[in-house]
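Protein chains in written order, with our numbering: chain A, 4 to 327; chain B, 4 to 327.
Please keep in mind that the hints were generated in silico from the structure rather than gathered at the bench.
Computed from a prediction, not measured in an experiment: that's the story for all the values here.
Among the hints, a few may not be true.
It does not matter which identical chain is meant; a pair holds if it fits inside one copy or across any two.
As the list claims (entries may be wrong) - Derived lysine to aspartate or glutamate pairs resembling EDC-like cross-links, with alpha carbons at most 20 angstroms apart:
#1 K249 / D156
#2 K5 / E319
#3 K217 / D285
#4 K94 / D109
#5 K94 / E116
#6 K217 / E284
#7 K94 / D53
#8 K217 / D298
#9 K98 / D87
2 protein chains.
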Amino acid sequence: MKTRITEQLGIRYPILQGGMQWVGKAELASAVSNAGGLGILTALTQATPDDLAAEIERTRRMTDAPFGVNLTILPTINPPPYGDYLDAIIKSGVKVVETAGNVPADYMDLMKERGIIIVHKCTSVRHALSAQRRGVDIVSIDGFECAGHPGEDDIPGLVLIPLAVRALDIPVIASGGIADGSGMAAALALGAEGVNMGTRFLATREAPVHENVKQALVDATERDTRLMFRTMRNTSRVLRNAISDKVVETERRPGGCAFEDIRHLVAGARGRAALESGFIEDGVVSAGLVVGLIDDVPSCAELIERMVLECRAHLERASRLAAA
Amino acid sequence: MKTRITEQLGIRYPILQGGMQWVGKAELASAVSNAGGLGILTALTQATPDDLAAEIERTRRMTDAPFGVNLTILPTINPPPYGDYLDAIIKSGVKVVETAGNVPADYMDLMKERGIIIVHKCTSVRHALSAQRRGVDIVSIDGFECAGHPGEDDIPGLVLIPLAVRALDIPVIASGGIADGSGMAAALALGAEGVNMGTRFLATREAPVHENVKQALVDATERDTRLMFRTMRNTSRVLRNAISDKVVETERRPGGCAFEDIRHLVAGARGRAALESGFIEDGVVSAGLVVGLIDDVPSCAELIERMVLECRAHLERASRLAAA
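Produce the complete structure using the sequences and hints provided.
Dropping the structure here:
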């Protein structure tokens with residue numbers, strides 16, 4: 004396939020594996036890149052910037068194809084040393100960085116000076132326009148369907164993707180709600196230049212998480228996610244379990260709840276433990292609405308090859324109907 | 004264009020104008036049908052079954068093309084005489100009925116006996132499967148994006164349409180979130196056989212509503228709708244104004260609110276008055292997220308011709324990218 008982003012990123016298929024905390028490691032990123040997509044390591048999954056540098060080297064040993072690194076910058080009380088992680092990325096020579104959250108202007112400038120291609124993920128047209136003004140190369144527009152942070156506007160891809168395509172000059176990648184070739188066909192039909200997937204890649208053989216987690220995604224229907232932290236305007240879409248049910252219920256109480264009331268339930272360490280141990284009731288795991296569309300656990304290569312075939316077949320069918 | 008539904012319904016393009024209370028009258032329905040789509044009268048917009056019969060006759064004088072009638076059956080304290088409306092439809096010889104809500108089995112059977120094609124609109128795969136079992140001919144699957152009643156599952160079209168296509172044997176029409184040819188291309192790419200639009204047809208020259216309403220849709224962005232009645236599990240997506248803001252705010256109060264507290268604000272008569280007078284702050288008007296995609300007030304013929312050209316162009320571009 005050939006779109007503006009396959010050309011910019013030097014990849015065979017316009018399919019990105021978006022950053023996923025505790026998941027975006029060398030095994031997954033290299034498998035996606037070897038299959039012709041763009042694998043992405045998640046910087047903050049590594050405990051220190053040095054660990055990130057080592058993980059980048061490890062990925063290089065597993066693939067000759069391009070891959071990227073995600074750097075998500077969220078406001079927290081004790082922020083990680085973002086600057087040091089960025090230095091590690093720059094020194095490593097990685098040529099693609101996926102950013103999300105509030106990226107400081109000097110970080111942007113530094114990456115641009117070094118010729119790094121910046122794919123900025125955001126959930127609204129106004130943030131996408133602002134990112135374009137600040138010089139990012141590609142916008143990954145993340146609809147209401149997505150896992151993790153969908154924002155507070157609740158605009159799904161069917162409306163958000165064409166709005167972003169209309170508003171931006173730089174290429175748009177469709178993110179959220181896509182898990183198969185028909186979704187990819189729809190994204191291209193809406194004007195996107197490619198797709199980003201997280202949850203779908205979580206249910207692949209190479210994803211470094213417990214098999215029970217993958218099976219939980221296969222078993223889940225489209226009604227099995229929950230939006231937590233809505234009352235705090237920090238919405239997060241996660242797989243439904245006893246914990247996310249409890250958080251949502253607590254938030255619904257008259258007067259809502261404070262983060263302090265529930266932080267022990269949603270601690271990142273618990274989520275990580277659930278991913279690794281497979282006791283998925285022990286923590287909160289991000290998952291998008293596409294869990295309803297996921298029925299198997301293929302290898303990344305099988306998934307990508309199938310998606311490409313399906314995408315072409317769906318576009319062929321649609322074109323035939325429309326032209327008749 | 005040629006899909007299963009153009010064949011079943013005898014129409015040139017697979018574009019339906021969904022039922023809209025106070026709006027689905029002869030002027031709009033005939034304009035859509037004359038332009039090659041399927042116009043749909045809204046039964047309950049007529050004060051009595053006799054009025055509906057007269058409106059069907061009036062539409063017939065305005066078009067030789069097929070059109071349909073919408074019959075939405077909602078639980079209310081003082082229900083309208085649904086059976087009499089249905090009799091009027093059957094006697095009129097109309098061959099397509101769009102149903103929504105809880106349609107009694109004997110109504111379904113009566114329509115099927117008379118050879119009426121039933122297009123059932125619903126917002127979930129499980130309701131669509133149940134409708135298929137009950138013998139409806141076509142399902143119009145209505146995503147989270149839609150105006151009016153999106154249900155309580157909050158599944159947007161990008162996920163809901165392919166799920167419905169996978170689950171059903173009968174043809175699927177994509178509804179909600181579609182307002183232009185790129186959305187139509189995406190719907191076909193996702194496996195739908197056509198599209199249903201409401202809000203987009205509200206902003207056409209022939210829609211029998213005040214010009215101020217149409218201008219309000221043009222001015223609105225994708226962030227200008229509100230979900231009312233969520234706390235009552237009877238969610239309704241409407242255009243944002245002072246009233247819908249107040250309803251949502253009232254619902255958010257600790258303990259929520261009773262319908263009695265707000266019914267004077269949301270009375271159907273006020274919504275009807277707003278549509279007719281153009282004082283859009285006077286009542287609540289249904290509108291989907293596609294308000295963000297609506298930039299003009301074309302005739303139905305201009306809209307449909309443009310959509311068909313855009314749809315083909317978007318599919319051609321997508322196919323070219325995917326095949327390269």
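Violated constraints from the hint list, given by number and in increasing order: Violated: none.
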